[in-house]
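Let the hints inform the model, and build the full structure from the sequences given.
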Amino acid sequence: MSDLKENLKAQIIEQLNLEDLTPADIRDDAPLFGDQGLGLDSIDALEFIVLLDSNYGIKISDPNEGKEIFQSVNTLADYISKHQ
Amino acid sequence: MYFIQHIESITHQDSFQKENIWDELKPLTAENQLISPDYKNYIPVAALRRLSTILRMGITASKACQEKVPNEFDSISVGTALGCLTDTEKFLVTINTVSGDVLSPTAFIQSTHNTISGQISLDLKNHAYNMTHTQNALSFEVALKDGLLCIDEGKKSVLVGAADEAIPFLERLRGSLILTHLPFTSGATFAVLSGEKGNSIAFVQACEVYFSTKSQETLVTLINQFLDANNCSSGDLDLILEARSDFRFLAKNHISFTDYTGFYQSASAFALHMANDWLIGNTDDKRILIVNNLESNKLGLTLINRNEVEA
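Protein sequences, first through last, are from chains A and B.
Counted from 1, the first sequence has number 72 at position 72 by my numbering; the numbering is strictly sequential.
Counted from 1, the second sequence has number 13 at position 13 by my numbering; the numbering is strictly sequential.
There may be inaccurate statements among the hints.
[Unchecked claim] No farther apart than 20 Å at their CA atoms in a straight line, the calculated lysine to aspartate or glutamate pairs in the DMTMM-like style are these:
(1) B:286 with B:238
(2) B:40 with A:19
(3) A:59 with B:153
(4) A:5 with A:78
(5) B:125 with A:41
(6) B:90 with A:53
(7) B:40 with A:35
(8) B:90 with A:19
(9) B:197 with B:259
(10) B:214 with B:295
(11) B:40 with A:20
(12) B:90 with A:14
[Stated by the list, open to error] Per the computed footprint, the stretches of chain B lying under chain A, defined by three or more beta-carbons under 8 Å from a beta-carbon of chain A, are:
(13) 38-52
(14) 103-111
[Unchecked claim] Computed spacing ranges between beta-carbons, pair by pair:
(15) B:180 with A:37: 49 to 55 Å
(16) A:36 with B:154: 43 to 49 Å
(17) B:296 with A:37: 51 to 57 Å
(18) A:37 with B:213: 53 to 59 Å
(19) A:34 with B:308: 29 to 35 Å
(20) A:7 with B:14: 40 to 46 Å
(21) A:61 with B:213: 52 to 58 Å
(22) B:67 with A:59: 56 to 62 Å
Don't read these hints as lab results, they were simulated from the structure.
C-beta: ideal position from N, C-alpha, C; glycine also.
What follows is the structure, encoded as structure tokens:
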């Protein structure tokens, strides 16, 4: 699981062009969206859907699911491990 | 008259936020890279991460212009020949290579030509008239004419500019894009024009574009007709800034502006900056003609005068 989280962090940085961040800067439980966390926005949510599809073969058919799945690296990794 | 209130360029020259760009101008070589300012001073970091070079240049040059004039722009007219090439290439490559059913939205959203003017408006929170012009090597001149028409309509402060960016793939199109061996370069120039003199040094007297031109003789005739229509002749010109070197005989001073810009199709926008700053530094000179013959079958003519000259 920890390998998955580290991979996810690297992929998030690459996919979202978070040039100034390293994987170590992203806490597993930090909110990805909103002012408290990475400050990602709705376009980034679409990028997450692409990331899950292209890297893990997971399709999210209902975008409303994203709110729960994309809360943090922990929730993302949990969803991937259950659906891969 | 259309007075040049302020002008900014981001190019392969050290041209951004300079009192006079001629202080630093040098003929370019293929080794000269784009000289980028610190974009973080103009664009929020969260937005910056998504923006390609052409968008960073356009937004930053526009914001630097806005900071120098008191009023919001009443119109924004942008010329670009090839538009947002980085994102276009990224999007097309993704279509061809990604096996999944969904594509990254960012490159698609930002691949259209009007992303530049749109992003400028968004960043400036400007809701005024906003237009993008794509006419190959005459894209800047058409945008400029649009801006001049906006002033004729009564708009007080208009932003006109042009931007293009180079990507490595362009080398594969060299034969169909240019005839010379100029290096492919990137650049953005934005100018604030107004019908009021303000603190300006020079004004645009006229701009004209000609499509489907043919022989050299035709071009000379068109130039003379243009000058005649604006109450001057080639003998009145202190400098010609030309994309090529075909009309050295027309004025006492001649400079090929592409020696300083390299090749991007809206480089004539930088020639406007060169003309304005030439008049700042050469106080005896009064009239400059920009001849944009970058493409062999098209001609753009822009006449720049020192403010004392009667239009």
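Hint by hint, here is what the structure shows:
no.	hint	in the structure
1	B:286 with B:238	7 Å, holds
2	B:40 with A:19	13 Å, holds
3	A:59 with B:153	53 Å, violated
4	A:5 with A:78	9 Å, holds
5	B:125 with A:41	19 Å, holds
6	B:90 with A:53	18 Å, holds
7	B:40 with A:35	19 Å, holds
8	B:90 with A:19	18 Å, holds
9	B:197 with B:259	31 Å, violated
10	B:214 with B:295	11 Å, holds
11	B:40 with A:20	12 Å, holds
12	B:90 with A:14	14 Å, holds
13	38-52	holds (count 4)
14	103-111	holds (count 5)
15	B:180 with A:37: 49 to 55 Å	51 Å, holds
16	A:36 with B:154: 43 to 49 Å	48 Å, holds
17	B:296 with A:37: 51 to 57 Å	55 Å, holds
18	A:37 with B:213: 53 to 59 Å	58 Å, holds
19	A:34 with B:308: 29 to 35 Å	58 Å, violated
20	A:7 with B:14: 40 to 46 Å	42 Å, holds
21	A:61 with B:213: 52 to 58 Å	56 Å, holds
22	B:67 with A:59: 56 to 62 Å	47 Å, violated
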